[in-house]
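Counted from 1, the sequence shown has number 265 at position 265 by this note's numbering; the numbering is strictly sequential.
Simulated from the structure, these hints should not be mistaken for laboratory data. Model, not experiment: these values are computed from the prediction. The beta-carbon is built from N, C-alpha and C at its ideal position, and this holds for glycine as well. One thing to keep in mind: the hints can contain errors.
Unchecked claim - Have a look at the derived ranges for each label pair, beta carbon to beta carbon:
1) Ser225 - Ser86: 29 to 37 Å
2) Asp274 - Asp223: 44 to 52 Å
3) Tyr253 - Arg180: 41 to 49 Å
4) Leu46 - Gly227: 30 to 38 Å
5) Leu131 - Ile287: 22 to 30 Å
6) Ile241 - Glu157: 27 to 35 Å
7) Asp23 - Asn203: 24 to 32 Å
As the list claims (entries may be wrong) - Below, a list of computed lysine-lysine pairs in the BS3-like style, where the Cα atoms sit at most 25 Å apart:
8) Lys156 - Lys200
9) Lys82 - Lys101
10) Lys207 - Lys81
11) Lys192 - Lys82
12) Lys207 - Lys34
13) Lys72 - Lys34
14) Lys34 - Lys267
15) Lys230 - Lys240
16) Lys267 - Lys72
17) Lys160 - Lys34
18) Lys81 - Lys34
19) Lys67 - Lys196
20) Lys34 - Lys134
21) Lys160 - Lys101
22) Lys156 - Lys34
23) Lys156 - Lys82
24) Lys207 - Lys101
25) Lys224 - Lys207
26) Lys82 - Lys72
27) Lys267 - Lys81
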Amino acid sequence: MKRGKTSNPSEQKRILQSALSEDELENAEIMTFKIINAQYIQSTILSGNIYFGCAEYYAYQEVLGNKGQGDKNEGLYARVKKDNLSYINEQERLYGEDLCKIENGDFLDLKLRSVINMPIYCFYSVNANDLGVKYFDEPGETLKVRYRTYKFNISKEVFKDFSAENFGMMNFINHTDLYRRIQNSLRSEGCKHILKSRIKYVNRVGKEWICPEGHPAELFYKDKSFGYQKEGRIVVTDRKISFINEEHSNKKYRVLNIGNVKRIVQKDALKIQDIQIEIPRVRIVEI
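Input sequences plus hints: build the corresponding full structure.
See the structure below:
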């Protein structure tokens, strides 16, 4: 779905057109953005550089006290009781030195070093079927065309995680193009395997939990306490640019150039407050 005519905090607007089936339309991603220090937004616009972290780096950020930006449970694929020896022994047999075991009270948290060192690009993602997203339709120029206006709020809670003297929203007006650019840049480095998905938020505090999907799907699960962030991720699974050989957690960040982004990025200064978003007159062509 191409991004376009958008009303945001600065009231800037662009034209949007999509050709989607009804099912695709109901699940379409309608807004993608990052909240970062304003100087980095300007740097991205000027250089075309975006930055990938990894689960180990984000876990390290919580250790530093950056709750919201950091999460010690990043990359967790299993939390089991310490007396669940049959499962623990089986994981040790399967993964050997790749297995990372973390004491957590009566539980043992399990992660894989190969997974928590995969490069990750995170963003705030709004889908058409998200709770709180409202829309209304207007007829178009033919029976197969209609115009849809979306309205929703972004909670101030997400901005509190990034509060600083000068922070802002880097809004990717065309997120389909963003993903294509990232794909192309990674492929130029020999990386072919990329995953994109939204985070699933689960309740796993004080209880056993095992990721219901195969590795590295655990990178798309977080605790329910982070649900307000509505996070989406792009994960690079190729070992070629893994952080596995970087010993220092605070250096596990990598730059990727995705070319001239001036036409797909807009910059807005922010305050810590609820923000009302309107995306007017999305042109929808029935297929």
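Failing hints, ascending? 2, 3, 11, 12, 15, 16, 18, 21, 23, 27
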